[in-house]
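Colleague: All chains, please: the whole structure from these sequences, using the hints.
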Amino acid sequence: MKPLLVFFLSASILSAQDTPDSRDRSTARSKVLELASAFANDGFKIRDGYLSGVLERGKPQILEVNLFSGNAYWFSAAALAPARKLSVTLFDENGRPVEGKDYQDGSTAAAGLIPDASGRYFVRLDLVEGDKADFCLVYSYK
Amino acid sequence: MSSRSAISVVVLLSAGLLAATEPLTKEQIKGAILSESITIPTPGEFFAALDEQGQPNWTQMFAPKAAGTTSSREQMALMLGVLVADGYIAVEAQDGQGVKNTGKDIINLAKKLNVSQSAISRGNSINDFAENNDWSALREELEATQNEVKLSMAEQKDKDLVILVTVGAWTRGTQVAADFVSKNYTPGLAGLLRQPAIVEYLLAELGEMPERMRKEPLIVEVEQKLRATLDLVHTRDRTPPGPEAVKGVASVMDSLVNEITKGNKEP
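Sequence order for the protein chains is L and H.
In this text, residue positions in the first sequence follow the working numbering: the first is 1, and each later residue adds one.
In this text, residue positions in the second sequence follow the working numbering: the first is 143, and each later residue adds one.
Worth flagging that the hints you see were computed from the coordinates, not collected in a lab.
Please note that a few of the clues may not be correct.
[Said to hold, decoys possible] Residues on chain H that point at chain L, a partial pick, calculated with CB under 10 Å: (1) Gln170; (2) Ala191; (3) Ser278; (4) Gly333.
Even for Gly, the Cβ is constructed at its ideal location relative to N, Cα and C.
Modeller: So this is what it looks like as C-alpha cells:
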C-alpha cells in the first residue's frame with residue numbers, strides 16, 4: 001500500500017476530533033488524491049502536506065509556494081457539493097499569471113507548471129460555480 | 143474518473159487562459175496563506191531539481207553527520223531535521239542500508255522527544271520500503287514521518303520545536319546543494335539556491351518562538367546564519383547568485399550543520 005494512503009487512512013482512523021467538518025475535509029482530500037494519482041502515474045510525487053478549508057465564491061484561497069526551476073509541478077484541488085466548478089491559477093512572485101497547463105472537470109481542477117526560475121509563486125483557487133463547500137488542495141512534483 | 147482518463151483530459155485541455163487572468167493585487171500577495179507543510183518544499187524536491195540540472199553523484203554526497211548527544215530539546219529538533227534531509231540523500235544515492243540507518247536514527251531521536259507511537263512506528267515502514275528498494279515510496283514516507291513527528295510535537299505542546307525540524311532539514315539540504323553547486327557552478331544550478339522567501343519564512347517563524355528559546359546560543363547562531371544566507375541569495379530580478387555567493391552559502395550552511403550536529407556546547 002502506498003505510504004500516502006497509509007498515512008491518510010491512519011490519520012482518518014486515529015483522528016481524535018472526528019467532526020462532520022473533519023469528515024468533509026477527509027472526503028475532499030480523498031477526492032483530490034484521486035485526481036493527483038493521475039499525475040502520480042506519470043511519475044509525479046504527491047506531497048504529504050495539503051491545504052484544506054471552506055471555499056466561497058468571490059473569496060479565493062491564495063497559497064504561497066516555493067518552487068524549483070527544472071522540476072515540473074501540478075497543483076490539484078477538489079471541493080465537495082454544493083461546489084460545482086473550480087479553477088486553479090498560478091502566479092509568479094510579482095503576482096503576474098504564469099503560463100502553464102490547465103485541467104478542469106466540475107468540482108476538480110488542476111494547474112501545471114515548469115517554472116523558468118526558482119523562487120516564490122502563488123496558487124489561487126476559485127469557486128467559479130456553486131455554493132461554499134469544503135475543499136482540499138495538494139501538489140505533486142517530478 | 144479513472145487515473146488514466148484524467149491524464150487524457152489533462153493533455154486535451156492544456157491550453158491556458160492567461161490573457162484573461164488579472165494579476166494578483168498587493169493585498170492578495172500580502173495576505174497569501176503560508177502553510178509550512180505545503181509552502182516549504184521538502185529536501186526531496188530540492189534534490190530532484192538538482193538531479194535534473196546537474197546529475198550529482200549522490201553516493202559520494204551521502205556522508206551523514208553523526209549526531210552528538212545533547213539534552214537540549216531545541217537542538218534535538220534541529221538534529222531531527224538534519225537526519226530527515228540525510229534520509230532523502232540516502233534515497234537519492236539508492237543506499238538501502240543508509241536509509242535504514244538514518245530511519246533508525248530519526249526514530250531514536252523522536253523517542254527522546256516523546257513523540258507518539260504512531261510516528262515512531264513509521265520507522266518500520268521506512269525499513270520495509272528500503273528493503274524493497276522502493277525509492278519513490280521512501281520519499282513520500284520520509285515526508286509523512288516528518289509531518290507526523292511535527293504533528294505529535296504540536297499535540298504535546300512542543301509546537302515551538304516544530305519549526306526547528308524544518309530549519310534543520312532546510313539547512314542540511316541547502317548545505318549539500320550549495321556544496322555541489324559551488325564545485326560545479328552554472329547560473330542554472332545557482333538559481334536553485336535563490337529561495338529568499340523560504341529563508342524569510344523560517345526567520346519569521348523563529349521570531350515567534352518564546353524569548354527563552356531564542357536566547358539559546360544555538361538558536362541565536364541559527365538566526366544569524368539564516369540572515370547571512372538571506373543576504374547571499376536575495377538577488378534582484380531573479381538573477382542567480384554568483385559563484386562567490388554560492389561558496390558563501392555552502393560555507394555558512396556547512397558551519398551551521400556542524401554546530402547543530404556536534405552536541406551540547408555546555409556538556
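Colleague: Regarding the hint that Gln170(H) lies at the interface with chain L, is the smallest CB-CB distance below 10 Å?
Modeller: At 5 Å from the nearest chain L Cβ, Gln170(H) passes the 10 Å test, so the hint holds.
Colleague: Should the hint that Gly333(H) touches chain L count as held when the rule is a Cβ pair under 10 Å?
Modeller: holds (5 Å)
Colleague: Would you check whether Ala191(H) satisfies its interface hint, that is, whether its CB is within less than 10 Å of any CB in chain L?
Modeller: holds (3 Å)
Colleague: Interface hint check: Ser278(H), Cβ to nearest Cβ on chain L, cutoff 10 Å. Holds or violated?
Modeller: holds (7 Å)
Hint check: no violations occur; every hint is consistent with the structure.
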